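Protein chains in written order, with this note's numbering: chain E, 44 to 518; chain L, -18 to 231.
Honestly, the hints are just simulated from the structure, not real lab data. In this text, all values refer to a predicted model and were calculated from it rather than measured experimentally. Incorrect hints may appear among the rest.
[Unchecked claim] Just a few of them, taken from the derived set where beta-carbon distance is under 7 Å, the chain E residues facing chain L:
{"hint": "1", "residue": "Lys114"}
{"hint": "2", "residue": "Pro117"}
{"hint": "3", "residue": "Glu466"}
{"hint": "4", "residue": "Gln467"}
{"hint": "5", "residue": "Phe469"}
{"hint": "6", "residue": "Gln472"}
{"hint": "7", "residue": "Thr473"}
{"hint": "8", "residue": "Thr477"}
Positions of the beta carbon are idealized from the N, C-alpha and C atoms, including for glycine.
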Amino acid sequence: MAVPANTQNVIKDTLADYKFGFRTETKSVYKSPKSAKGLTPEIVKSISDYKKEPAWMLEYRLKALEVFNKKPMPTWGGKLTDIDFNNIHYYIRPQDKIQTAWEAVPAEIKDTFDKLGIPEAERKFLAGTGAQFESEVVYHSLHKSLEEKGVIFESTDVALQKYPDLFREYFGKIIPATDNKFSALNSAVWSGGSFIYIPKGVHVELPLQAYFRINAENMGQFERTLIIADEDSSVHYVEGCTAPTYSTDSLHSAVVEIIVKKNARVQYTTIQNWSQNVYNLVTKRAFAYENAEMFWLDCNLGSKLTMKYPAVFLMGKGAKGEIQSLAFAGKNQHQDAGAKIIHAAPNTTSKIVSKSISKDGGRTTYRGLVKVNKGAKNIKCHVSCDALLLDEHSRSDTYPTMQIEENNVALAHEATVAKIGEEQLFYLQTRGLTAEEAASTIVNGFAKPIIKQLPMEYAIELNRLLELEMTGSVG
Amino acid sequence: MTDILEIKNLHASVNGIEILKGINLTIRSGEIHAIMGQNGSGKSTLCNVLMGHPKYEVTKGSVKLNDQEILELAPDQRAHLGLFLGFQHPLEVAGVTMGNFLRLSKNAILKSKNEASIAPLDFMKLLKGKIADLKMDEKFAGRYVNEGFSGGEKKRAEIIQMAILEPKFALLDEIDSGLDIDALKIVAKGINETFAKQKMGVLLITHYQRLLNYITPDFIHIMNGGKIIKSGDKSLALKLEETGYEQFIK
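Make the full structure from the sequences, and use the hints.
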């Protein structure tokens, strides 16, 4: 659905390019680690102390820090050499406890989330909401009916205190600290994020949403999310994220682990719209067991560099994995995004759809892995990657990797790269659309197969963001 | 009010090669003009230049719509003034439905005239009527712009667009090409009905006299080598059909 021309003009007149770039003046309650930049065992200890964590977690963090220090920086993907790990605040605590009523959230922070429309969204169409500001979740809520059914939706820090056994059983099992340099970093300094447990047979009909806001300059946000969908259950989790625009860089490095048990279904939807000074280096992985279904819907519009490849390990027979992504890279942006599917059991199916748009010299990369393990028979996998280039200066690359160790595999891969055509623009212009409206219409049409899978409210928002990115794009 | 599209000594080039070498033509509302000519005579170029295709460079001459010079205007501004181009090869736009696209277009044109936009339900009613007139499938409104359309469907879709956008002047570039006789009749009927209602000026570009069995032009022009070499009434087409172009190309 394209936004009418008059709406576009309103957006153009009233907003700058990135409308979430505002800053909020706050008083952090936890000053010392903030004032100290850089990453040392002392910082890690102080974070853990402050959170009053059990000893095993501190030990886990310190070991992860060692792994982080030992692992070299990845030399593939985007340009990571400019990240200055000594110029980052690893932990900022904006208030002293999590609130369950918006009124209790400090006014300036509540104001931020009001501007982002979070309380409004909660009232309208969410089953539960979490809001993270800097390092900590400042607000959390869950519909009473779900609470009564045994659904857990908490800040990950709270879950560690309240559900220590459940927590320890699953934490770090899908993505160990040793997985990669940034999962090690997250494991050392993680804070906030969502912990979700859906009991057997419970279907959460409305989405649960978490919103992540970086506010401070040179901030590192390292939320940790763990979702466990027990047998025959289902849940849809949505995350959104934004940050103010600064001239210096911030770092967002999350780890998301998901366990989808027999016959369960999890959808994880991301609308990533960081400001253009944020490095977004995220590890996301799900294990799907027998006849379970995991669906990543991953939309990346913001950030300076995103490196993110949501993965599904199909662990039980009949499991299904789907990863659909939309990436938009404008000036000075690189979206290195993709998908990983591991077929580790027979009769498993997977689908990867990647759509990317590059504009004003922006760069998009699709990096994908499809692996079929020995013994995983009767596999179906479909991969399709489409890239749309809006001008000569923009770039798109595709790096698909296939590792097939079985014979009975039906695998299809399609890839297209198209440049927005002069003829196509002319055609739409002859019908009265300006060049900009015409380009916008083409981009929205291109993105539609992904956008139409979002819940309506998010689809409208994403269309609006795309329109915004497209203003001033032609001529 | 009679609208006038006045083309004077129009020269245009593509990649430095001159295609139009001095076109003079005046079209008034309520008139149907047909331009006939062989491949490469410059017929399609004329349509594209009138509509402002960026590929072509106008090197000389003027085109005025009701005394306003339009050659400096972007294609959308020309559309706002009331020009419409029916494409020989309409383009596909994936993911954009015909209904949404046409409503966007209709509203863009209404807005340029400072008129209120059309309500979605009223628009759907209008569109449904035109879809029925052109004997298109009801699903037309929900299909992506020209995607997967047959040749005939694409041409009928162009006529639906013309009928909805209500231009002052419709330039129809080989709207008959690739149509079987049944589709040709439907398209011609669509043009005739729209013309009867809206009394716009029409410029038909065609290779063949066949289309003119169903649409009666007031004027026929024969184009060759980037110029109009002969103008006349309807009888000119029949003469052309009998004797071929050779007779007119000295």
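Going through the hints against the structure:
1. Lys114: violated, 42 Å
2. Pro117: This hint is violated: Pro117 of chain E lies away from chain L, its Cβ roughly 34 Å from the closest one there, beyond 7 Å.
3. Glu466: holds, 6 Å
4. Gln467: holds, 5 Å
5. Phe469: Holds: closest Cβ of chain L sits about 6 Å from Phe469 of chain E, inside 7 Å.
6. Gln472: holds, 4 Å
7. Thr473: Status holds, d = 5 Å.
8. Thr477: holds, 5 Å
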